[in-house]
Structure formats: C-alpha cells, structure tokens
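2 protein chains.
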Amino acid sequence: MLSREQLIAEIKKKKSFLCVGLDTDIDKIPEFLKAYPDPIFEFNKRIIDATADLCVAYKPNSAFYEAYGIKGLQALIDTCKYLPKDTLNIIDAKRGDIGNTSDKYARAFFDEAESGMGFDAITVTPYMGNDSVKPYLAYDGKWVIILALTSSVGSKDFQYLQTGDDFLYEAVIKKANTWAGADRIMYVVGATKSTEFTNIRQYAPDNFLLVPGVGAQGGSLEDVCKYGMTKDCGLLVNASRSIIYASNGEDFADAARAEALSLQRQMAEELEKAGVI
Amino acid sequence: MLSREQLIAEIKKKKSFLCVGLDTDIDKIPEFLKAYPDPIFEFNKRIIDATADLCVAYKPNSAFYEAYGIKGLQALIDTCKYLPKDTLNIIDAKRGDIGNTSDKYARAFFDEAESGMGFDAITVTPYMGNDSVKPYLAYDGKWVIILALTSSVGSKDFQYLQTGDDFLYEAVIKKANTWAGADRIMYVVGATKSTEFTNIRQYAPDNFLLVPGVGAQGGSLEDVCKYGMTKDCGLLVNASRSIIYASNGEDFADAARAEALSLQRQMAEELEKAGVI
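Top line first, the protein sequences correspond to chains C and A.
Heads up, the first sequence is in this note's numbering, so the first residue is 39 and it goes up one at a time.
Heads up, the second sequence is in this note's numbering, so the first residue is 39 and it goes up one at a time.
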C-alpha cells in the first residue's frame, strides 16, 4: 500500500510513472507457457519480474481473469499476492453499485482475509454517485480511481453531454472532489484526449490521473505530460498490450522489459523537463 | 434462456412478475446452514426450491459472492447451474468497460463453457456508452439490463443532471434505444421514483423495466404498476432481503415462500387490473 507521498517518492526514485496493465489473455500468451499448471499466473510472474524496477504501478484487468471462472480467479489471487510491496497495485474492475453492494466489492478486492486479494486501489464507474465510492474510502489508505473521461469510442455517448456549464465528465470530477481529497481519489483520463488535460487540471490540480491509451490506443506520452503533469508528477500512464505482448516467443519477458525501459526513459526525460526530478 | 415472448408467457402463466434477488450474505443466513460444505449455495438452493413457481426471474448479486473469493465464486457458479430453465436468470454485476473488456465480462457471465456460468441477462452501467453494451448483444438471445434511474441516494449526484431537455437518465434511455430493441434491452428503474415511470414510458414504451426498491427500500408495488405497467406487463419487480431473510431460523425457506406468495398475489391483482391476464 502506498500513500500519496510514498507514490511520489517511488516515482522520483524510479524516474518512472509507468503502470503496467496485466490484461492477460490466454489466447495471446506464448504457447510454451501452456505447459505450466497456471499459464496466466506464470506469464504475469515473469512480466512482473522483468518490469518491477521500471514501473510504479500494476493494474490487472479483472474481466480478463473472470472470463475463465475459478481458474481465472485463482490466477488473479496469485498475481495479487505476487505483486511487489513498493508498487501501487490497482484492480481495474470498474465497479459501481449501491452502498451495501459496493461494500461487498470493497471486501472482494481490498480485504485479503475475506477474498484472498489485497489490492491498494480500485477503478470505479460514477453513474450511481457517492454510493459507488464511499464504501471503498472506509478502508484506510486505499485509493479509489474514478472514471472521468475514457479513451473509448463510447465515451462520446454520455461523457461529453453538456450539463450546465460542464461536460458530464467535468461534473463528475467536481462532485467527486467533494467526497475525498487527492490523497484518496484519482481519475481515469484517456490519453487520446490530451488537450483535455489542461481543462481537467483546472478542477483536479493535485489528483493523480490514471491514463490509459498511450501506445496501442494511439495517445502521445509527450502531449499527456505537456498538458497533464504537475509538480508532483500527478500522472500514472498505463501501457498494457504494447508491453506484455511485445513478443509472443520465449523472449516475451525480455521484450516486455525492453518496451517498459523505452517508456521509462521517455518518462525520465519528461520528469526532468517538468522539474519533478 | 427466455425470449421476450417466453418471458411474457411465463408472467401470464405464473401470474407473477417477481424477481427474487439472491443477495446472499453469509452473516445473515441461518446458523444451522453453516454445517454444510457450501452454506451459501445450500441457502440459495432452498430459496430457489421454495420460490420457483412464484417468480419469473432470479438475480444473484455478484458482489456478494465475489466478497468471498474462490469459495464465493464456486457458490455463484453452482447457483447459476441450479437456476430453473423457465426463469430469466440475471447476474447483477453492473459492469461497464471498453469493448475488449466488456467482451471478457460477457464470457464470464454468458459463456458457460469458459467460466462455468450461463446467465441469461446482465446488468450494466452506461457511463462508457455503447462499448459497455454491444459485446453482450453479440450473444444471441441474451439480455442487457442498463442502469437508468437507481433507487439509491447517490442517484441524485449524476442521474438527475439536466442535459439539454433531458435528465441524464433520460438521455441514457434515448441513446440506448438506438442500440437494440425491447427484445434485448431492459432498464433498471428504482421503485422509489414511481412517478418517474410515466416519464420513462414515453421513451421506453415497450422495454421491460427491472425495478428494485420495493419492500426493504420503501417503494410501493401499486404505484410502480399504476405508472409503469404495459399491456405485456413490462415489469420485473425485484425483492431481495424481504424474501430471503424473512426468517433466519430453520423455517427460512417457508418464510421466504410466504413472502414471495404474498407478493405474487398482489402482482396477480395488478396484472388483472391492467388487463394483462
């Protein structure tokens, strides 16, 4: 579990604000791993070993594990336990429900004694309002990462609806800022909208932003940093497919490391440019 | 799996539009069940046996199972397999993500060969737009139940934001109606807002509405029917706690049946009053 201060310290130490997304798909991992009792966990373990000194966060995507029933959940639990203690370990679950149900999801992902999983942070969807956020905040030191502006095509359907002077995603940020501070809440902001970062920084000057969409989805790291970086960095940039599937041969872990290293070096430059380090 | 026509036929046959919510909580089930290898499944099995002729749908709430890790998921899988073939079996999962991730959630809950679970319908949250809905519709005959207006306190945070001439929840219904018809899409509408049903029926004249909030949460069945019922019924009214926790003694299944029967009788009256049967 990392506090805001600890996360910033890790970013400065590693010169990286990389989050490695573990969207592990049995159909995309190297063939030779299928001989192992749990190919998904085996894949994740090697990816983690190869990247842990280059990133400050990991983000397994729950759906990819849930798709395989019991086997998938066991792989997620084992992965959670294997994640380093000095990274921010995020479950990308995008849950959102009423209070008594969010409380159960909080147990599922935060309470290791109940479920086997003790993640540090969870992504949530804001449609049901404060009910979808508050129960997670009851866990001291854990983070809630709220969907604001996503990088998908469907983000246009509702997130850009005008409501008063705001787009819906702006209204979400303004409201959620009343629920907790930048030490407990982050926002998901898609990298394909880099010019929107200027705007978002008006409402969320200090919050960390979790940014998917760099790499495979076409977002530019340079633009994200130009418009979104703060004096404390304030960014976690996620890359999933471009790292974990950099190769599907026996060298996949080395290839993942090379890709993570290339991103980390670009990030170090950006951190220096912005005076964070 | 039930088509729209089959669902309507079941409603007329059983004179019921009751959905029994299986929000099964290990801390609330009768003590004596804890001697069984899987107390949660044992509880659900007896609830299902006691209510199957009185309801047309079951709705396990995924969070309640996920909270217990592997054991919980196994109970959910076993419950799914045990659900009758002539009821609409809904997983209340409120997922919502980008396309490639929604596709994995669809496998998790619809594709029994992959995950062990073959539900007929899933609840989804609309914040990410069409991406959160389309992958489920690729499964022939399966249903997507989209959150529109919920019964929780937090519904006020965003669902009632004014956008153009509409509240956000109205914009959600209008947009989602362009994605598929009333044979594939239902909406969640909280019963605590019964006067809103008149309004919703303007935009969704034929869609089934899944209505939580009757009973424990204070909504009135009569009002829901007055404002929301169509010539085909068009309603699935969910009751969870008021049925499954009607007693926490050895008679819990009988007490659940008595509660379900009382609701079914009120529903039969409403169906007659509206000329559905």
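Because the hints were derived from the structure by calculation, they are not lab data.
Take the hints with a grain of salt, since some may be wrong.
Just so you know, same-sequence chains aren't split out, so a pair can sit in one copy or run between any two.
Below, in silico cross-link-like pairs of lysine-lysine (BS3-like), each with a Cα-Cα straight-line distance of 25 Å or less [what the hints assert, rightly or not]: (1) Lys66 to Lys51; (2) Lys109 to Lys119; (3) Lys213 to Lys194; (4) Lys119 to Lys72; (5) Lys119 to Lys83; (6) Lys109 to Lys83; (7) Lys213 to Lys66; (8) Lys123 to Lys311; (9) Lys311 to Lys194; (10) Lys51 to Lys213; (11) Lys72 to Lys83; (12) Lys194 to Lys212; (13) Lys66 to Lys172; (14) Lys213 to Lys83; (15) Lys311 to Lys50; (16) Lys50 to Lys172.
Do the hints match the structure? See the list:
1. In the homo-oligomer, the alpha carbons of Lys66 and Lys51 never lie at most 25 Å apart, since the shortest distance is 33 Å inside one protomer and 48 Å across protomers.
2. Taking the closest pair of Cα atoms, Lys109 and Lys119 come within 25 Å of each other both inside a single copy (16 Å) and across two copies (17 Å).
3. In this assembly of identical chains, the alpha carbons of Lys213 and Lys194 lie at most 25 Å apart whether taken from the same copy (20 Å) or from different copies (11 Å).
4. For a Cα distance limit of 25 Å, the shortest separation of Lys119 from Lys72 inside one copy, 21 Å, qualifies, whereas the shortest one across copies, 28 Å, does not.
5. In this assembly of identical chains, Lys119 and Lys83 lie within 25 Å of each other by CA distance solely inside one copy; the values are 10 Å within and 33 Å between copies.
6. For the identical chains of this complex, Lys109 and Lys83 are neighbours both inside a copy (16 Å) and across copies (24 Å), given an alpha-carbon limit of 25 Å.
7. Taking identical chains as interchangeable, the C-alpha atoms of Lys213 and Lys66 are never at most 25 Å apart, the minima being 40 Å within one chain and 34 Å between chains.
8. For a Cα distance limit of 25 Å, the shortest separation of Lys123 from Lys311 qualifies neither inside one copy, at 29 Å, nor across copies, at 62 Å.
9. For the homomeric pair Lys311 and Lys194, neither the shortest alpha-carbon distance inside one copy (33 Å) nor that between copies (43 Å) is at most 25 Å.
10. With identical chains, the CA atoms of Lys51 and Lys213 are never at most 25 Å apart, being 33 Å at best within one copy and 47 Å at best between copies.
11. Proximity of Lys72 and Lys83 under a CA criterion of 25 Å is satisfied intra-copy only: 14 Å inside one chain copy versus 36 Å between copies.
12. Taking the shortest alpha-carbon separations for Lys194 and Lys212, both the intra-copy value of 19 Å and the inter-copy value of 14 Å come in at or below 25 Å.
13. Taking the shortest Cα distances, Lys66 and Lys172 sit within 25 Å of each other only across copies (23 Å), while inside one copy they are farther apart (37 Å).
14. Taking the shortest alpha-carbon separations for Lys213 and Lys83, neither the intra-copy value of 39 Å nor the inter-copy value of 42 Å comes in at or below 25 Å.
15. In this assembly of identical chains, the alpha carbons of Lys311 and Lys50 lie at most 25 Å apart only when taken from the same copy (13 Å versus 69 Å across copies).
16. For the homomeric pair Lys50 and Lys172, neither the shortest alpha-carbon distance inside one copy (30 Å) nor that between copies (41 Å) is at most 25 Å.
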